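What follows is each chain in one-letter form.
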Amino acid sequence: MSDEPVIRFDDVSKVYSLPGGDVVALDHVTLTVEPGEFVAVMGPSGSGKSTLLNLMGCLDVPTSGRIFINGEEISRMSDDVLTRLRRNHIGFIFQQFNLIPLLSALENVEFPVVLTERRGESRERAIRVLRSMDLEEELFSHKPSELSGGQQQRVAIARALVNEPELLLCDEPTGNLDTKTGTAIMDLLRLENGEGKTIVMVTHDPKVAEYAHRHIRIVDGRLV
Amino acid sequence: MIFFDFARRNIRLHWFRSVLAVIGIVIGVIAIASLGILGNSLVLSITETISDVGDTVIVTPHTGAAAAGNGPGPPGGGAVTSNTISERQVGQIERAVGPNTVIPLAQGGDAIAVGSETGAAVIYAMPVEEMPALLDLADGIYPRSTGGALAGSALAAEFGMQPGTRVQVGSNASNTLRVVGVIEERGVGFDINPDFALIVPHAWYSDVYDEEEYDQVIVKVRDVGDIDVVKAAIEETLNRRETVVDVLDTRMILESLFQVFEQITVFTLAIGSISLVVAGVSILNVMMMSVSERTREIGVMRSIGTRQQDVLRMFLYEALILGLIGSIIGGVMSIGTGYLVNAVVLQRPEFLFVPSSLVYILYGMGFGVATSIASGIYPAWKASRLNPIQALRFE
Numbered sequence: 001m002s003d004e005p006v007i008r009f010d011d012v013s014k015v016y017s018l019p020g021g022d023v024v025a026l027d028h029v030t031l032t033v034e035p036g037e038f039v040a041v042m043g044p045s046g047s048g049k050s051t052l053l054n055l056m057g058c059l060d061v062p063t064s065g066r067i068f069i070n071g072e073e074i075s076r077m078s079d080d081v082l083t084r085l086r087r088n089h090i091g092f093i094f095q096q097f098n099l100i101p102l103l104s105a106l107e108n109v110e111f112p113v114v115l116t117e118r119r120g121e122s123r124e125r126a127i128r129v130l131r132s133m134d135l136e137e138e139l140f141s142h143k144p145s146e147l148s149g150g151q152q153q154r155v156a157i158a159r160a161l162v163n164e165p166e167l168l169l170c171d172e173p174t175g176n177l178d179t180k181t182g183t184a185i186m187d188l189l190r191l192e193n194g195e196g197k198t199i200v201m202v203t204h205d206p207k208v209a210e211y212a213h214r215h216i217r218i219v220d221g222r223l224v
Numbered sequence: 001m002i003f004f005d006f007a008r009r010n011i012r013l014h015w016f017r018s019v020l021a022v023i024g025i026v027i028g029v030i031a032i033a034s035l036g037i038l039g040n041s042l043v044l045s046i047t048e049t050i051s052d053v054g055d056t057v058i059v060t061p062h063t064g065a066a067a068a069g070n071g072p073g074p075p076g077g078g079a080v081t082s083n084t085i086s087e088r089q090v091g092q093i094e095r096a097v098g099p100n101t102v103i104p105l106a107q108g109g110d111a112i113a114v115g116s117e118t119g120a121a122v123i124y125a126m127p128v129e130e131m132p133a134l135l136d137l138a139d140g141i142y143p144r145s146t147g148g149a150l151a152g153s154a155l156a157a158e159f160g161m162q163p164g165t166r167v168q169v170g171s172n173a174s175n176t177l178r179v180v181g182v183i184e185e186r187g188v189g190f191d192i193n194p195d196f197a198l199i200v201p202h203a204w205y206s207d208v209y210d211e212e213e214y215d216q217v218i219v220k221v222r223d224v225g226d227i228d229v230v231k232a233a234i235e236e237t238l239n240r241r242e243t244v245v246d247v248l249d250t251r252m253i254l255e256s257l258f259q260v261f262e263q264i265t266v267f268t269l270a271i272g273s274i275s276l277v278v279a280g281v282s283i284l285n286v287m288m289m290s291v292s293e294r295t296r297e298i299g300v301m302r303s304i305g306t307r308q309q310d311v312l313r314m315f316l317y318e319a320l321i322l323g324l325i326g327s328i329i330g331g332v333m334s335i336g337t338g339y340l341v342n343a344v345v346l347q348r349p350e351f352l353f354v355p356s357s358l359v360y361i362l363y364g365m366g367f368g369v370a371t372s373i374a375s376g377i378y379p380a381w382k383a384s385r386l387n388p389i390q391a392l393r394f395e
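Quick mapping for you: the protein sequence lines, in order, are chains A and B.
Counting in UniProt numbering, the first sequence runs from 1 upward without gaps.
Counting in UniProt numbering, the second sequence runs from 1 upward without gaps.
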């Protein structure tokens, strides 16, 4: 990996135009995330945490300023190019787990691989990654609705990792889990970070934030 | 093919509403196919019974003039208009058409009796010498004198007539004729329909019924290409000052008849299409429900790297599967319903098995699939255009 930061925000603003007037979600934010970092983004609700994460995840483009992911500027990319960037370089982990209900646990993990050109080995890769998540093998064929929250989040992490992205973006990964399960999930994430994955995690739980090496505080769209 | 698999699973998951949507398509396909088959079979069955080729010109009294004749006489005191054609007019027609055969005939109906069996029959009267030009015999000979008659095939069968049978016409026992020949079955025609009729010599007819004039004149044209010339000549002779007779040729009648059939077929197909449109709306509805229920799922799929076109494809597959299932079931069932409508309406189920009928099943299926896909386009497009962030936030 070059010394290029995984994420670089250069004077980024995001303004949402709503019927009641413009809402400034991010106000001239400049930051970088280096490879291998574990960053916790903290702040009260409505502070712009989610907007920050969405921009990092190439789900949205900034109103002004420039965002570089692995050195590539995203604001002028087409939807297809952004989608490919997400698929190959970014893994998402959500508070709601967000597994696809029509697919089994294994198929959920397999899905991102099927979207790539490496279809042939998708099944083996999915099994390999899902095994490393400490999930009992008889659950592989279960539908998400038949799994507990912790099990679902393990499947979701496996899905996020299966295409070997450089960057993991987590939005309150333990928010829907009890403390014990949450700790287990955080241990999994720490493990991944130890293997070199860059992780950016949004949380409002100080205990969870302790896993991170660096904390970013955000209030009213500005870093503090 | 994972997106095809998605579509398949989603249909299975929501099997009940999928079944309803499929039923709509099935009904639409059956409606189009059955109505198309019926229309086509109708044309076939009528074509089959029509014996005419386009070589006949039919001259009939102008009906409008006949109606006007009830009021004050025609202005200028021209030719007397009536609802018959006179001997003089027949002579004019003969001169106008040159070498072509002119057959004047009168038409009536009366009670008949054969032995102790009584009934009624249509009676055509024409000069004995013209009978061979118009009628083919199955049995016996053509009448040579005023005492002989010909029997239509169906009439002969009903009354057991054979050459030699004596038949009484009307209530007067002295008015009898001897059947000398039986006419070959002829089917429906535009000139005469002799199958249920008794053909009598015109001399005998005018004697018994005191009716000198004719109801129509049939001109058999030797060369079909001359039809327009013959028609023009008759019009020129008789209708110069006012319309006295109507001149029709069978070719024209056939053409306008088939035109009507075509319109009927188009009309019935249009009715069938309505049911398919309804089916399309129901698919649209099912798909819109599917899109809004799966908004969050679409957001997830988009966020982990599914392209817009893949989402579009997934929903189009869903519409395609519904359409294919509906069309295949509908197509198979159309064979049954097509057979049934032909059997019930026409009593001729075998008309289903000709290519020009069967092709309507393919039409119906094609329209079924096309309607489904068309109904799926908007929901699929909407799904693919969802903003991933908003879709993810959707509860």
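Just so you know, these hints were derived from the structure itself, not from any lab.
Heads up, some of the hints might be wrong.
Partial list, derived from the structure: chain B residues whose beta carbon lies under 10 Å from chain A [unchecked claim]:
| no. | residue |
| --- | --- |
| 1 | R307 |
| 2 | D310 |
| 3 | R313 |
| 4 | N387 |
The model shown is predicted, which means the values in this text are computed figures rather than measured ones.
Just so it is clear, CB atoms sit at the ideal spot from N, CA and C, and this is done for glycine as well.
Of all the hints given earlier, name the ones this structure violates by number, lowest first. 3
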